[in-house]
Amino acid sequence: MNHYEKVKTIVGKYDASHDSVIAILQDVQSEYHYLPEHALRAVASQLGLPLIQVCGVATFFKAFSLKPRGEHTVMVCLGTACHVRGAPAVLDEVRRQLGVEPGNTTDDMRFTLETVNCLGACALGPILVVDDEYQGQMSSRKVKKILNKYKKTPKDVRHEEIAVSS
Amino acid sequence: MKRLRSAVELEQLRVKILSQRKPEKPCISICGGTGCHAYGCEDVAKALKNEIKRQGLSKQVELKVTGCHGFCERGPLMVLQPRKIFYQRVNPSDASEIIAETVMKGNIIDRLLYIDPVSEERAQSEEDVPFYKRQRRLVFGNNGLIDPTNIEDYLAIGGYSALSQVLFNMQPEEVIEEIKRSGLRGRGGGGFPTGRKWESCRNAPSPDRIRYVICNADEGDPGAYMDRSLLEGNPNSVIEGMIIGAYAVGAHNGYVYVRLEYPLALKNLGMALDQAREYGFLGQNILGSGFDFDIKISRGGGAFICGESTALMASLEGRVGEPRPKHIHTALQGLYGKPTNLNNVETWANVPLIINRGADWYSQIGTEGSKGTKIFSLVGKINNTGLVEVPMGITLREIIYGIGGGIPHGKKFKAIQTGGPSGGCLPESLINLPVDFDRLTEAGSMMGSGGMIVMDEGTCMVDIARYFVRFLTEESCGKCAPCREGLDRMLDILTDITEGKGKGDDIELLEELGGVIKETSLCALGGTAPNPVLSTIRYFRDEYEAHIRERRCPAGVCKELITFNIDAEKCTGCLVCARECPQGAISGRKKELHIIDQEKCIKCGLCRDVCKFDAVITL
Numbered sequence: 001m002n003h004y005e006k007v008k009t010i011v012g013k014y015d016a017s018h019d020s021v022i023a024i025l026q027d028v029q030s031e032y033h034y035l036p037e038h039a040l041r042a043v044a045s046q047l048g049l050p051l052i053q054v055c056g057v058a059t060f061f062k063a064f065s066l067k068p069r070g071e072h073t074v075m076v077c078l079g080t081a082c083h084v085r086g087a088p089a090v091l092d093e094v095r096r097q098l099g100v101e102p103g104n105t106t107d108d109m110r111f112t113l114e115t116v117n118c119l120g121a122c123a124l125g126p127i128l129v130v131d132d133e134y135q136g137q138m139s140s141r142k143v144k145k146i147l148n149k150y151k152k153t154p155k156d157v158r159h160e161e162i163a164v165s166s
Numbered sequence: 001m002k003r004l005r006s007a008v009e010l011e012q013l014r015v016k017i018l019s020q021r022k023p024e025k026p027c028i029s030i031c032g033g034t035g036c037h038a039y040g041c042e043d044v045a046k047a048l049k050n051e052i053k054r055q056g057l058s059k060q061v062e063l064k065v066t067g068c069h070g071f072c073e074r075g076p077l078m079v080l081q082p083r084k085i086f087y088q089r090v091n092p093s094d095a096s097e098i099i100a101e102t103v104m105k106g107n108i109i110d111r112l113l114y115i116d117p118v119s120e121e122r123a124q125s126e127e128d129v130p131f132y133k134r135q136r137r138l139v140f141g142n143n144g145l146i147d148p149t150n151i152e153d154y155l156a157i158g159g160y161s162a163l164s165q166v167l168f169n170m171q172p173e174e175v176i177e178e179i180k181r182s183g184l185r186g187r188g189g190g191g192f193p194t195g196r197k198w199e200s201c202r203n204a205p206s207p208d209r210i211r212y213v214i215c216n217a218d219e220g221d222p223g224a225y226m227d228r229s230l231l232e233g234n235p236n237s238v239i240e241g242m243i244i245g246a247y248a249v250g251a252h253n254g255y256v257y258v259r260l261e262y263p264l265a266l267k268n269l270g271m272a273l274d275q276a277r278e279y280g281f282l283g284q285n286i287l288g289s290g291f292d293f294d295i296k297i298s299r300g301g302g303a304f305i306c307g308e309s310t311a312l313m314a315s316l317e318g319r320v321g322e323p324r325p326k327h328i329h330t331a332l333q334g335l336y337g338k339p340t341n342l343n344n345v346e347t348w349a350n351v352p353l354i355i356n357r358g359a360d361w362y363s364q365i366g367t368e369g370s371k372g373t374k375i376f377s378l379v380g381k382i383n384n385t386g387l388v389e390v391p392m393g394i395t396l397r398e399i400i401y402g403i404g405g406g407i408p409h410g411k412k413f414k415a416i417q418t419g420g421p422s423g424g425c426l427p428e429s430l431i432n433l434p435v436d437f438d439r440l441t442e443a444g445s446m447m448g449s450g451g452m453i454v455m456d457e458g459t460c461m462v463d464i465a466r467y468f469v470r471f472l473t474e475e476s477c478g479k480c481a482p483c484r485e486g487l488d489r490m491l492d493i494l495t496d497i498t499e500g501k502g503k504g505d506d507i508e509l510l511e512e513l514g515g516v517i518k519e520t521s522l523c524a525l526g527g528t529a530p531n532p533v534l535s536t537i538r539y540f541r542d543e544y545e546a547h548i549r550e551r552r553c554p555a556g557v558c559k560e561l562i563t564f565n566i567d568a569e570k571c572t573g574c575l576v577c578a579r580e581c582p583q584g585a586i587s588g589r590k591k592e593l594h595i596i597d598q599e600k601c602i603k604c605g606l607c608r609d610v611c612k613f614d615a616v617i618t619l
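These protein sequence lines are chains S and C, in that order.
With this note's numbering applied, the first sequence corresponds to residues 1 to 166, in that order.
With this note's numbering applied, the second sequence corresponds to residues 1 to 619, in that order.
Since the hints were derived computationally from the structure, they do not count as laboratory data.
Since we're looking at a predicted model, the values are computed, not measured.
Don't take every hint at face value.
Residues on chain S that point at chain C, a partial pick, calculated with CB under 7 Å [claimed, not checked]:
1) R41
2) G56
3) S65
4) G99
5) V100
6) P102
7) D131
8) Y134
Note that beta-carbon positions come from the ideal geometry of N, C-alpha and C, so glycine has one too.
Put together the whole structure using the sequences plus the hints.
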């Protein structure tokens, strides 16, 4: 299935209705793991909306990324409970280890660093989430060990997908 | 399952469900909330399942994964019925013993019981644990009893009886009157009287008779997660509340706007909606009453501002989530310009309770202006982190010490932050303040959605104010200038103060800016954004002054104002910090005092983290 067709299937699921832009973009993003330009153009033309409106939505909401994302997502919770328990130091250490700022991906496309406002698992704070695995009661000391674990895992399919679509 | 077509059929089904259930049958309910998930409750559940199978007890013992039980600090949690034995910090390796000893022989495993740190007594059931004993869990308590993926569990505890009562025995106006009399106020933060909101929506003119009800589940306050736990653990109570509300205001379409970061809530809610439709609680001709109503789920896009009603509705319509001025309330012109009634998750979940028990009963709970209970998430520097449901009017002291068990590591309580980024910090002198909508506002904070973040002497109040303002500058939609520009300026000033670059009149400037932003912002985000700053200035002015005049952070938090040093008395010369230091800034030989080179130190705090002797101190 080519890219245009892929987007068409998703848009079709929502009866091409304008109020489903956010839901459609969410599905497109789960397909590509980010929102490639061609997909945004396809969504706009298929919904009959100006591209700027679709781009407006895509850049307003934090859930969307216009840049390709790394193989693993490292998320540091910056909720208030985590903050008072030392999350800023954990984030500093992750930044130092990965060499990227939040919202960015390492050059080798291994890790994307993100922050989140609260995961609601405050009893375990500070929390670091790698992909879907929660690492509770974090301290800057534990960061390196955890990240090393993921550095060793083989590249997965997601990586190939990004290479193809970008 | 055939759709139920009358109130009688519903009651017949309930009788049938109850007759198939044996109350004396052993049942293990494991907490499956996000906290316990992170602790690994899934592995515990798996181990128990295997063990039940291995011991050939599949028919005799029931295993249930429920929603959040609230006591997140002690997860993974479980309750063993029928004796209500409460186990905490359970490991997968405990499974065989739990089945063989407790379930089969009735012997209690002492090491899994909760020990009260004060009295050192072991608690056998939830009711014996001080954390639970002092709560009143009217809305949240059912979480532990039901499997949220099975609607029959909800029916077994009387679910949808309020709906049946409303559809067949009450006129919409009577429902509104009952909610008004109950005194229920919106649990999302604003505290607007729910019944009055419903009434204006019902009375709003709509030529094509289209009205909407919306459940706001875009819980964005950092440190608050009660709405998620309700949706995950008891989605049907929210759905039932929404159907009742829709009947009262005359709506046939509803939406639940769920935060994207809540995957489990989305899953459980989706499943509950499917089942409710299948059983005839949603769709055409609900329970044969002639009333039609259905609910759609809408996933948020990760924008804090979308918790604001008009921004939420813009987002539901597929637009950028920017708020609009509310000269005309959404109850009159909301989603697609139609009368729309929006309430938050916890508000909806209170509705069936009020109908079932009556407004007279409900309004006895709480204070003059705030009725019922409120669920708070008690987090931060507190011994018993978790979700607590308490009657309105309870004091902060009772929550922090009675339920929360005080501050860890013998540290001193400093402040409690309520109301999220729109709220404020209350100092120790207000610890006897009764918690309700009006008293919190008077004290310069607010109820908000119910986050309570406890802070101890190691928390810097200027840093906290800066934390919230930074949060809000990122989340401000940018539509109106006071919020967009004003918050940016406040952040600049606060950053300067925390970096030791504060100027003499910064405090006054912050106060003035805060006042202007409050008065001139378009929506509630900007209108309440200065609260964390203004409340910390009001109660902790001396800390601001120490930063500005003495270039000192009394709590030892602000990096630019502290140095890491090693206490000669405590240092044993173990070399651990020297090995861990990423800068190689620590020198010293084995069994000799270590020294930190301040030139090289980047103040990452690793040395303090790794030192087992608390020898690394900040000055």
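Structure-based check of all given hints:
With its C-beta approaching chain C no nearer than about 17 Å, R41 (chain S) sits outside the 7 Å limit, and its interface hint is violated. Using the Cβ-Cβ criterion of 7 Å, the hint placing G56 (chain S) at the interface with chain C is satisfied: the shortest such distance is roughly 5 Å. Proximity of S65 (chain S) to chain C is violated relative to the hint, the smallest CB-CB distance being about 11 Å (cut-off 7 Å). At a threshold of 7 Å, the smallest CB-CB gap from G99 (chain S) to chain C is about 13 Å, leaving the interface hint violated.
Taken as an interface hint, V100 (chain S) does not check out: its beta carbon lies about 17 Å from the nearest beta carbon of chain C, beyond 7 Å. For P102 (chain S), the interface hint is violated, since its Cβ never comes within 7 Å of a Cβ in chain C; the closest pair sits about 11 Å apart. Restraint check, D131 (chain S) versus chain C: the minimum CB separation of about 13 Å is more than 7 Å; hint violated. Nearest Cβ of chain C to the Cβ of Y134 (chain S): about 4 Å, under the 7 Å cut. The hint holds.
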